[in-house]
Amino acid sequence: MSPDATGVDAVIDVVTAVFLVVGALMSLGAAVGLLRFPDLMSRMHAATKPQVLGLFLMLAAIGLQMRTWWVWPVLVVAWIFQLLTAPVSAHMVGRSAYRTKHGHREMLTKDELEAVVQRAAAGQEPANDR
Amino acid sequence: MKEFVLVATAVILSLAAAGAIVRIAIGPSLLDRVLASDVLLAILGAALAVDMAMNRHLNNLMLLVALAVIGFIGSVTVARFVAERREQNNES
Numbered sequence: 001m002s003p004d005a006t007g008v009d010a011v012i013d014v015v016t017a018v019f020l021v022v023g024a025l026m027s028l029g030a031a032v033g034l035l036r037f038p039d040l041m042s043r044m045h046a047a048t049k050p051q052v053l054g055l056f057l058m059l060a061a062i063g064l065q066m067r068t069w070w071v072w073p074v075l076v077v078a079w080i081f082q083l084l085t086a087p088v089s090a091h092m093v094g095r096s097a098y099r100t101k102h103g104h105r106e107m108l109t110k111d112e113l114e115a116v117v118q119r120a121a122a123g124q125e126p127a128n129d130r
Numbered sequence: 001m002k003e004f005v006l007v008a009t010a011v012i013l014s015l016a017a018a019g020a021i022v023r024i025a026i027g028p029s030l031l032d033r034v035l036a037s038d039v040l041l042a043i044l045g046a047a048l049a050v051d052m053a054m055n056r057h058l059n060n061l062m063l064l065v066a067l068a069v070i071g072f073i074g075s076v077t078v079a080r081f082v083a084e085r086r087e088q089n090n091e092s
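So the sequences go chain by chain: S and Y.
Per the numbering used here, residue 1 is the first one in the first sequence, and the count goes up by one each step.
Per the numbering used here, residue 1 is the first one in the second sequence, and the count goes up by one each step.
In short, the hints are calculated from the structure, not lab data.
Using N, Cα and C, we set each Cβ at its ideal position, and we do this for glycine too.
Do not take every clue at face value.
Which residues of chain Y face chain S? A few of them, derived with a C-beta cut under 8 angstroms, are [said to hold, decoys possible]:
id, residue
1, V7
2, L13
3, A20
4, A25
5, D32
6, R33
7, V34
8, V39
9, A42
10, G45
11, M52
12, L61
13, V69
14, G71
15, F72
16, V82
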């Protein structure tokens, strides 16, 4: 970011600054959500914001500041892999949170996993989702 | 404006990291701590990205890509470990 930019450079600098500050605010929002939400499931909701949208804004800021075309494929690869791997860890954490009786069941409006877990526990079908 | 952006992002990211560390410290369960450490990792990546964007270098870009590719393995491993141990306790 150059101090005395004019024209297009100034616009790009302003956009970069907005991206960086908003991306940092995503991290702050995740921290506030981690501290204030009541159980693990709702904290997982808040924790995904800096991982996906925050990372996107930061990588876009890098791409805007570098102004070379070959940076963009690398940034896209980083974001795509984050998009692919964040649901995997969220699935595993949420699944084991459900199985180990974390969280408040009474706060759920609909519990579609309950019947499946009951059937697997009764041995009527093998628990093949592990 | 460069100084303002640097100071603003430094303050915001420091507050966010402090919140995540507090959740790691007081988290009632292991899964809360794993989730908070994931957030702490994302905040670290954001700080690296701010440094790269403001100083116009790409020294840490490969580190960001590697974090995106393999950063989920830790929480997956811990989640499986928690499920396994709890199940064995129920059986015994």
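Hint by hint, here is what the structure shows:
Among the interface hints, the one on Y/V7 is violated; its C-beta lies about 11 angstroms from the nearest C-beta in chain S, farther than the 8 angstroms criterion. Hint on Y/L13 holds. Least Cβ distance to chain S is approximately 5 angstroms, under the 8 angstroms limit. The restraint placing Y/A20 at the interface with chain S holds, with a minimum CB-CB distance near 5 angstroms, inside the 8 angstroms limit. At about 11 angstroms, the closest approach between the beta carbon of Y/A25 and any beta carbon in chain S exceeds 8 angstroms, and the interface hint on this residue is violated.
With its C-beta approaching chain S no nearer than about 6 angstroms, Y/D32 sits inside the 8 angstroms limit, and its interface hint holds. Because the closest C-beta pair between Y/R33 and chain S is about 11 angstroms apart, greater than 8 angstroms, the hint is violated. For Y/V34, the suggested interface contact is upheld, since its CB lies about 7 angstroms from the closest CB of chain S, less than 8 angstroms. For Y/V39, the interface hint holds, since its Cβ comes within 8 angstroms of a Cβ in chain S; the closest pair sits about 5 angstroms apart.
Interface hint at Y/A42: satisfied, since its Cβ lies 4 angstroms from the closest Cβ of chain S, which is below the 8 angstroms cut-off. Here the hint on Y/G45 is kept, as its CB sits about 7 angstroms from the closest CB of chain S, short of 8 angstroms. Given the 8 angstroms rule on beta carbons, the hint for Y/M52 holds: about 5 angstroms separates it from the nearest Cβ of chain S. For Y/L61, the shortest C-beta to C-beta distance to chain S is roughly 6 angstroms, which falls under 8 angstroms, so the interface hint holds.
The restraint placing Y/V69 at the interface with chain S holds, with a minimum CB-CB distance near 5 angstroms, inside the 8 angstroms limit. Using the Cβ-Cβ criterion of 8 angstroms, the hint placing Y/G71 at the interface with chain S is satisfied: the shortest such distance is roughly 7 angstroms. Given hint, Y/F72 at the interface with chain S, holds; its Cβ is 4 angstroms from that chain's nearest Cβ, closer than 8 angstroms. Checking Y/V82 against chain S: minimum C-beta separation of about 5 angstroms stays under 8 angstroms; hint holds.
In the structure shown, a violation is registered for the earlier hints numbered 1, 4, 6, in ascending order.
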